[in-house]
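> So the chains spell out like this:
There are 2 protein chains.
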Amino acid sequence: MLSYKEIQEAHDRIRPTIHRTPVLKNSSLNELSGAELYFKCENFQKAGSFKIRGATNTVLQLTQKELDRGVATASSGNHGAALSMAVSNRGGNTTVVMPNNTPKMKVDNVERNGGKIVWCKPVQESREKVLSEIIQKTGAILVHPYNDERIIAGQGTAAKELLEDYPELQMVVSPVSGGGLLSGTLCSAKEMKPGILVYGAEPAEADDAYRSLHSGEIQANETTNTICDGLRAQIGTITFPIIQEKVDGIITVTEQEIIHSMRLIWERMKIIVEPSSAITLSAILKRKAMFQGKKVGLILSGGNVDLGELPF
Amino acid sequence: MLSYKEIQEAHDRIRPTIHRTPVLKNSSLNELSGAELYFKCENFQKAGSFKIRGATNTVLQLTQKELDRGVATASSGNHGAALSMAVSNRGGNTTVVMPNNTPKMKVDNVERNGGKIVWCKPVQESREKVLSEIIQKTGAILVHPYNDERIIAGQGTAAKELLEDYPELQMVVSPVSGGGLLSGTLCSAKEMKPGILVYGAEPAEADDAYRSLHSGEIQANETTNTICDGLRAQIGTITFPIIQEKVDGIITVTEQEIIHSMRLIWERMKIIVEPSSAITLSAILKRKAMFQGKKVGLILSGGNVDLGELPF
Numbered sequence: 009m010l011s012y013k014e015i016q017e018a019h020d021r022i023r024p025t026i027h028r029t030p031v032l033k034n035s036s037l038n039e040l041s042g043a044e045l046y047f048k049c050e051n052f053q054k055a056g057s058f059k060i061r062g063a064t065n066t067v068l069q070l071t072q073k074e075l076d077r078g079v080a081t082a083s084s085g086n087h088g089a090a091l092s093m094a095v096s097n098r099g100g101n102t103t104v105v106m107p108n109n110t111p112k113m114k115v116d117n118v119e120r121n122g123g124k125i126v127w128c129k130p131v132q133e134s135r136e137k138v139l140s141e142i143i144q145k146t147g148a149i150l151v152h153p154y155n156d157e158r159i160i161a162g163q164g165t166a167a168k169e170l171l172e173d174y175p176e177l178q179m180v181v182s183p184v185s186g187g188g189l190l191s192g193t194l195c196s197a198k199e200m201k202p203g204i205l206v207y208g209a210e211p212a213e214a215d216d217a218y219r220s221l222h223s224g225e226i227q228a229n230e231t232t233n234t235i236c237d238g239l240r241a242q243i244g245t246i247t248f249p250i251i252q253e254k255v256d257g258i259i260t261v262t263e264q265e266i267i268h269s270m271r272l273i274w275e276r277m278k279i280i281v282e283p284s285s286a287i288t289l290s291a292i293l294k295r296k297a298m299f300q301g302k303k304v305g306l307i308l309s310g311g312n313v314d315l316g317e318l319p320f
Numbered sequence: 009m010l011s012y013k014e015i016q017e018a019h020d021r022i023r024p025t026i027h028r029t030p031v032l033k034n035s036s037l038n039e040l041s042g043a044e045l046y047f048k049c050e051n052f053q054k055a056g057s058f059k060i061r062g063a064t065n066t067v068l069q070l071t072q073k074e075l076d077r078g079v080a081t082a083s084s085g086n087h088g089a090a091l092s093m094a095v096s097n098r099g100g101n102t103t104v105v106m107p108n109n110t111p112k113m114k115v116d117n118v119e120r121n122g123g124k125i126v127w128c129k130p131v132q133e134s135r136e137k138v139l140s141e142i143i144q145k146t147g148a149i150l151v152h153p154y155n156d157e158r159i160i161a162g163q164g165t166a167a168k169e170l171l172e173d174y175p176e177l178q179m180v181v182s183p184v185s186g187g188g189l190l191s192g193t194l195c196s197a198k199e200m201k202p203g204i205l206v207y208g209a210e211p212a213e214a215d216d217a218y219r220s221l222h223s224g225e226i227q228a229n230e231t232t233n234t235i236c237d238g239l240r241a242q243i244g245t246i247t248f249p250i251i252q253e254k255v256d257g258i259i260t261v262t263e264q265e266i267i268h269s270m271r272l273i274w275e276r277m278k279i280i281v282e283p284s285s286a287i288t289l290s291a292i293l294k295r296k297a298m299f300q301g302k303k304v305g306l307i308l309s310g311g312n313v314d315l316g317e318l319p320f
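One line per chain: the protein sequences are A and B, in this order.
In the numbering used here, each residue carries its 1-based index in the first sequence increased by 8.
In the numbering used here, each residue carries its 1-based index in the second sequence increased by 8.
Isolated chain A, as found in the complex (with noise of 0.2 Å):
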């Protein structure tokens, strides 16, 4: 399993090359959840998500000779991005499986960080049919959006930034869709503080990580019919054991309850982030007994949102 070795490593790799995101207040928001919340910006980082943090850990491991062959990766967008970012800093060429229901603006921001673009259906056998033609045609290397303890590293680095400027913390949330984030963030924070309590906040359109925890195995998603276009995956085969033995527990909430939160979001904060960065205040207003009082980190994931396609 990851060692916070591991995550510290590859912070002082990619640090040169991401933002060290601010962590917000807002005191609106604190007195509405009854809780003192610290958000840590996300939306602000380099390709506009978290993402960009495990594909340069990554991709900056790779030889120049698998570099040569090119990368290629499945993603909704962030990931897609993010990896084309990386790809293009070294001077290497990135394809991107992408479901041709994904919002225009996450296509222009792959295209405008030099990815090459392939559509498939938007299921998850299209996605992995087409992706997997691509590797044995070209010899591209997959760079997976989650499932990679090198992702996972480098997505840990974020907990770990927001609990060095906030050693004070007693509760983290964190968005779940294949994990990266929420793994990397368990490996982290139970690290850097012990007893922290350490949440996962998840569509109840696309719950698998909650059933999964629950059935003890990992557990298909159901439905994907859910605004969080960042959190329609598949918890992963590597990331779901670690949310097994870390996870404090996973908060599913309804469309209303994530919409809501976003419009919160940017009309007290002044800030855009996409709706699966919305879904981890929407966690804390759904239990807000359980938040009562405590210091609560939340990771604003993204910021990538469609503005001629808002929900409100």
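Think of the hints as simulated: they come from the structure by calculation, not from any bench.
Since this is a predicted model, take the numbers as computed values, not measurements.
Which copy? The list can't say, so a pair holds if one copy fits it or any two copies do.
Mimicking BS3-like on lysine-lysine, the simulated pairs with C-alpha atoms at most 30 Å apart in a straight line are:
#, residue 1, residue 2
1, Lys124, Lys33
2, Lys201, Lys296
3, Lys112, Lys296
4, Lys112, Lys145
Using the hints provided, position chain B relative to the given structure of chain A.
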């Protein structure tokens, strides 16, 4: 005319109750503009705009006897909310005369801060008539949104902070409406750094400051048909002479240019700014050659936007 000493005193007076807002940079917008941009984020300020600076500076100078009479103003929203907050902080009451076409979000912001709203028609005469009736009837103290040296001194503290943080700036761009922010910015910047260039950015659809500057006399707005609901006021008799003496130019821009730069700031910087703030970037993009290679400060005046009524 307002002295820099009064701005320093205003800063000392208001410092405990306002935020020292951050200054953000963005490599993607630097590339697009060809300049090095420093965004002073008053959208993150208390009550969502720079207006709390002037309002607080004024309210803290009222005697208890004056405060007991109640405070009144006319405002399209941000000054009204800021004044309500500053007066509530001292335990007093505020009446705000607002045009009946004010965005709901700005109405809520006044009420959330304890202000009482009285409606008027969205024309200057109605505004003045309703306000003067209130003052006659109740004996309330008027705190004008801009045509008052205490207000101007307060607004000047935003540019003061910007230049304290980045003394290397060569140019500053501020929105201009009634002229409180621009005249305060001029009094700070020109004193702190002789030779610095300061420009106003104004909607072509409400270009009274531009025409006043060119004719040498205060001109009325011929239309106020602009998306910038914070920039529809008439330049003031106290603000105009300062602007006339010190400003290096006023740049007018179209509605399309404002909407374009607002979207750019939202998408690239992941922060929420009003159209009245985004206009500063519009001015720079319109006059690229003038700003080429220069270190330019932009005052993002506020972030109070009705999310249900976006122009994109």
